[in-house]
Each structure stands twice: as structure tokens, then as C-alpha cells.
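Add chain B with the ligands to chain A, keeping to what the hints say.
These are the residues of each chain, in order.
2 protein chains.
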Amino acid sequence: MKKHNFSAGPCILPQEVFQKASEAVLNFNNDHLSILEISHRSKPFVDVMEKARSLALELLGLEGKGYKALFLQGGASMQFLMTAYNLLENKAAYLNTGTWSDKAIKEAKLFGELVEVASSKDKNFTYIPKGYNIPTDADYFHCTSNNTIFGTQIKHFPETEVPMVCDMSSDIFSRQLDFSKFDLIYAGAQKNMGPAGTTLVVVKEEILGKVSRTIPSMLDYKVHLGKDSMFNTPAVFPVYVSMLTLEWLKNFGGIAAIEKINEQKSTLLYNEVDRNPLFAGVVATEDRSHMNTTFTLTNDSLSETFDAMCKEAGINGLNGHRSVGGYRASMYNALPVESVQVLVAVMQALEKKA
Amino acid sequence: MKKHNFSAGPCILPQEVFQKASEAVLNFNNDHLSILEISHRSKPFVDVMEKARSLALELLGLEGKGYKALFLQGGASMQFLMTAYNLLENKAAYLNTGTWSDKAIKEAKLFGELVEVASSKDKNFTYIPKGYNIPTDADYFHCTSNNTIFGTQIKHFPETEVPMVCDMSSDIFSRQLDFSKFDLIYAGAQKNMGPAGTTLVVVKEEILGKVSRTIPSMLDYKVHLGKDSMFNTPAVFPVYVSMLTLEWLKNFGGIAAIEKINEQKSTLLYNEVDRNPLFAGVVATEDRSHMNTTFTLTNDSLSETFDAMCKEAGINGLNGHRSVGGYRASMYNALPVESVQVLVAVMQALEKKA
Ligand SMILES: Cc1ncc(COP(=O)(O)O)c(C=O)c1O
Ligand SMILES: Cc1ncc(COP(=O)(O)O)c(C=O)c1O
Ligand SMILES: [Mg+2]
Ligand SMILES: [Mg+2]
Ligand SMILES: [Mg+2]
Ligand SMILES: [Mg+2]
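Residue numbers (the UniProt record's numbering), protein chains in the order written: chain A, 1 to 354; chain B, 1 to 354.
Heads up, a few of these hints could be off.
Chain A residues, not near chain B, derived (Cβ > 10 Å throughout) [claimed, not checked]: (1) Lys2; (2) Phe18; (3) Leu59; (4) Ala76; (5) Lys106; (6) Thr126; (7) Thr267; (8) Thr298; (9) Glu338.
Straight-line Cα separation of at most 30 Å, DSSO-like style, residue types lysine-lysine; simulated pairs [as the list claims (entries may be wrong)]: (10) Lys210(A) x Lys109(B); (11) Lys227(A) x Lys311(B); (12) Lys20(B) x Lys311(A).
The hints are simulated quantities; they were obtained by calculation from the structure and are not laboratory data.
If you're wondering where the values come from, they're calculated on a predicted model, not measured in any experiment.
C-beta atoms are modelled at their ideal positions from N, C-alpha and C, and glycine is treated no differently.
With the rest of the complex left out, here is chain A:
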């Protein structure tokens, strides 16, 4: 049965990417060796790494602007640590918009003074704070562009003189932004970019090398940059599949093209959440994420029926995050519009039935 995969991450990737990835596990590059058994120093894989790095910059419009891309291990959570280790000398400013920001703050506190410029914790992170001030003497400002768990998304980024660091794990490559406003962007691959196991870091080189502490090699961006993201063995297969996914996106027309589809999908679903009396959105309308739609049933007693209907329709991964409950439909780049139509149809069928 065809599945409609709304999983929050790891999540759906393009079907042609699965196909190519599956073939490469048996025979990569027509060399009759598996992608899993070749040296990461072999030319075919060095080419994969270079292509992944340059596609990332190209898709973000950051080529020739002083940025470099890295594919590192450790997940976005390791970046909570590495950003602070590499950039925090005295003081850093953080915007707290949810669990992931919170974790980033906790890690950074080990390295210097932390200023929480604003937080939406007062309303369980159901909105994006606005109108806060960023201290001009901060070493950097850190924010989370899309809050995967709560379903909010920053639509307007602040203007600031200090370097801007952004965790874009759950909405990178999904919408057009002036990415040159950011000095360091990081994103775990496992949403719009690839499978779990690699993390993209895009960094403006000029912001590095300014802290006085000694940085352990594996946590030092300059060390990884100096070795073209091959300081040690990279996660070969996750990087390869990320490269395939970025290639797919480029052929699709890039971020501009996918943004249109993403808007179509989220409009479809939010309209139904609003229209259908059985469902209610969770977060402030203006801050709604185009990637993760969070909603609840207005009548809890219908949850068993709704869950069963979803299952029957082949819908997967609609449960909310363990920490908040409810429902969450994640609609990343590779999710077809058709899957959203199926979900909306189930929501309407529930209304008729109830």
C-alpha cells in the first residue's frame, strides 16, 4: 500500500533518490563496488563530497560570497556545542523559541555569558517573539528558523550588526531567504536534505579564529575547512544521499520552485484545520510553520477513530512530538501535494462521520 509519510525527521526523501541510493549500495559509479565499501579518499567519493558542498552553496545563493560548506557528523545537537566553542568569547545572544533553542542555550552557557533576548516559553512556545533587542557587544546572535516540535517559524529575521547564527535544521532549502544575512547556518540533514548522520554547516570564513581558547581538532571549524570536510572519515552514505537530494532539488528548479509547492501544501492543510470544526491549530497564525503543521482534535474522543482512518489511508508519522502530544503533519520538500490531499480528505471524512 502507498504510504503518505508525514514523519518529522528522519523523513521522506524523493523516490528517485531512494532508487539511486539503493542501487549505489550494490554498485556505485558502475565500479562494481558498494558505496559502503569504497575509500572516502577515492576520487569518486571525493567528487561526491565536493559536489554536495558546492550544491549547498549554489542552492542557497552563497557562492563567491566568502562562505564554505561542511558536512560533519554529530547531528545538529553537536552544532549547539561547536558554534559556542568556536564563536563565544564573552557574551552571546540567543532567541528562545522552543526545545531546540533551549538545548542550544544550555550548551552555550558552558562557554560564556548568555543573554536570552526573548523567549516564548510563557505560552509554551506557540509564537515567535518580536521586537527584542540584540546587544551590540554580543559575539553572535543565535536563533532557530523553524521550530520542528511546536510548529512555529520565523518569517522576519532581525537586523543586527553582530554575526547571525541560525539552526535551520527543519526548513533549510524550503523557502527563499537572503541567506547572506547569516554568518553561520547549520542543519541536520534528516529533513530537507538527506538521511540522518550528516549535518550541513555553512560558514562565512571571516567570523572564525576570533576566540582565545584552544579548540579540540574535531570541534574546530577551521580544522574541518582546512581538510575540505575530510579531516576524518565522513559519513560516506549520508553525504552521498544528501548530494543526490540536493541534485534533485536543483533539477526541480531550486528553492524558488519548491517554495511554491510548499506554500500550496501548507495552505491546503491550514485551510482545512481552520475550516473543519473538528480541528484546531496550536500556534499563532502569523507564525505558522510551512514545514510542520501542529493541530489538535477539538473533541478528544474522536482520536481513536481519526487514528484508525489515517492508518487505513496509509498516513504515517502524524503523531505530535512526545513532549507536546496532539498531531503534527510535517510537509518537507519531498512530500507530494497528493499526500496532503489524502490527509485533508481523511479530515473531511471524519467530519462527515462525526
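Frame of chain A; chain B with the ligands shown alone:
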């Protein structure tokens, strides 16, 4: 054409593992979803992680002895850092047997006093130092069981009262040892265990929690243990393929059974290196690695011919490490005896030709 893959890592894995891995990229667990698109919190993947962790302990004979297994990101190089971060309060003792030990030492120096108990640097790491003393007031002793680059291997581990930490990246699961002599074992997957992107850490829990510094969450073994190796998104696919490889090894008869085959392969090759006047071994005979056989041509002018003959025979990955040159035949668990026979035949054919 059939390939004989002597790559030093990433390296050959069992063919049936490639087959199953390839299928899982299209349809995992017969759920009609790719292993790449399912949540790491889904029951099927939690089961994979638990199975990988328990198979690792079982194969090492460490079940019920106070050990736990983790599958972490970052590679073995990240363990150079994590071992020191978690265990080094005042002083640590390191045995220097090559590039990897050297890197481990460099990283650990950031955290306390480093005693290099012995080094084989004087002879370019072509032997394993013996008869050294380990200070009894060291927080731990660190060694590298197999030196992938130079082709030496520790056959007898020292007796010591201090906790013993071992980088077994390139010979774990290849030979029988009393693994309970070690307090922490780590190994990048990309040799005997699976594809690049995950690292096994086996740790005796009682040695943790003794340093006074605050350890960042992502570097803290206790944090990862407390979350059953799921503190953050693990490298799903590399962990899955590692689980398949460990399962294969168990069905094969475990370490005892594979050790016999490994001895057969290394005897075959070392005998030919010794017998054949065109080839010479590089390291002290008693310290020869059963995983990585390093050798040179006694007549350099034959290298082009030999390389061409190897290529024609489908031999892959025989070049020595960039830093040392020469040849290196890596004969990990999954390499068939037949591949070594093909290599020996090529060496003999060169002799006839020359
Ligand atoms: C916005 C955001 N940041 C960070 C993370 C943590 O990523 P990882 O599990 O790769 O460490 C996630 C995971 O879902 C996320 O959604
Ligand atoms: C013995 C040993 N230790 C450590 C490493 C480094 O591993 P990684 O590249 O996963 O960091 C290697 C890599 O080949 C190795 O052979
Ligand atoms: Mg969040
Ligand atoms: Mg409604
Ligand atoms: Mg070495
Ligand atoms: Mg000889």
C-alpha cells in the same frame, strides 16, 4: 568483473549485508517505507538500535559484566576527544604506536598531564614497544590495538591497575581477546563492523562520573547512556548496516570462527611476502597485523607492472596510506580467502614475469 577489495576502510562488508541494506533503502521491515525516511523513535528502528547494542556486547563476551554499548556519531577521532573529556582528571598514560595514537595524544593534552609510556616513532612505528611502565596514579591507560596505517598489532596487552582504554577501530571483532580487561573500547564502524558514520563505544559504567569538569551533553557518555544511545538522532542507516554485519558475524560463529579465517588469510599473504624475493614486509615480524599487511616491492621499477596486473585481476585498494606509501592489503572479516589467493597469484605471476 568481480572485485577483490583490500581497502583499508571504509572497506568490504559481507555481500548479504549489502543485499539487505540495498533492499531496506526501498522497503524496510516490509512497511513500504525506506529505512532512510522512518523516525528514529519508531519501534522498528529502536529495535535495530537495541539489537546492535546487545549484539556488540554478546560478540565481545561482555554481557552482564557492567558494560554498555553506544553507537555514536563523529568517528573514532571524536573518541580521542571524548575519552579525555570524560576520564582525564589529572594524568593519563598513552602508548604511541602510530598516527592514530599520536592524534589521540594530541587531543588529550588539552585536558591534563600526558605521559607517553613508550613510542615506536624512532623506527617510524614499525614495531610495538614492550616492557614499559604504566604509572599507577594515571587516570587511565590508552592504546591502539591495531595500527591501520603501519600494519602493526598489539599481541599482548599490558597488565595494569588503571582503567584500560583501547582504540580497536581496525581489529575489533577479528580475534579473541579477554575484552573484560578493557574498561572502554571504541571503534569506528568502517572496518569490521559497518559503513562509515557510526562509532561503537563499549564502556564499563563504573569508570564514568569521576572527573570534576562539566562535560557538554553531546560529549558526555553518561548523557548518551541515559538515553540508550538516542540522545539525539543517531546515524540510522550506518547503525542498521552495523547491526546486519554483527548479525552476520554471529551466524558465522562469532569471533572464534572468523579468527580462524583471518589467520588463514594473513598466513597466506605473509608467507608469500616472505618467500617472494620481489616483496618485503615492512614491520617487525612478531608485531605483524592480521588485518593490514604492509609490504613494498624490492625493485621499485616493477611498480607500474604490478599495479597494472592488480588492476587486471580486479584488485582494489592496495595502495599504502598517503603518509607512508608502499602497499597495504587490508584483510578485514568480510574479505574472502579467495581474494587473498588472487593477490598471491598476482604476486607469483609478477615473479615469473620479472
Ligand atoms: C530545529 C532542530 N534543531 C536541532 C535538532 C537536533 O538534531 P539532531 O538530532 O541531528 O542532533 C532538531 C531535530 O529534530 C531540530 O528539529
Ligand atoms: C586505528 C584507527 N583509529 C582511528 C581512526 C580514525 O577514525 P575516523 O576516521 O572514524 O575518525 C582510524 C581510521 O582509519 C583508525 O584506523
Ligand atoms: Mg522546537
Ligand atoms: Mg478548525
Ligand atoms: Mg597508525
Ligand atoms: Mg620477500
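Tested hints:
no.	hint	result
1	Lys2	8 Å, violated
2	Phe18	5 Å, violated
3	Leu59	20 Å, holds
4	Ala76	8 Å, violated
5	Lys106	7 Å, violated
6	Thr126	23 Å, holds
7	Thr267	24 Å, holds
8	Thr298	26 Å, holds
9	Glu338	16 Å, holds
10	Lys210(A) x Lys109(B)	22 Å, holds
11	Lys227(A) x Lys311(B)	29 Å, holds
12	Lys20(B) x Lys311(A)	27 Å, holds
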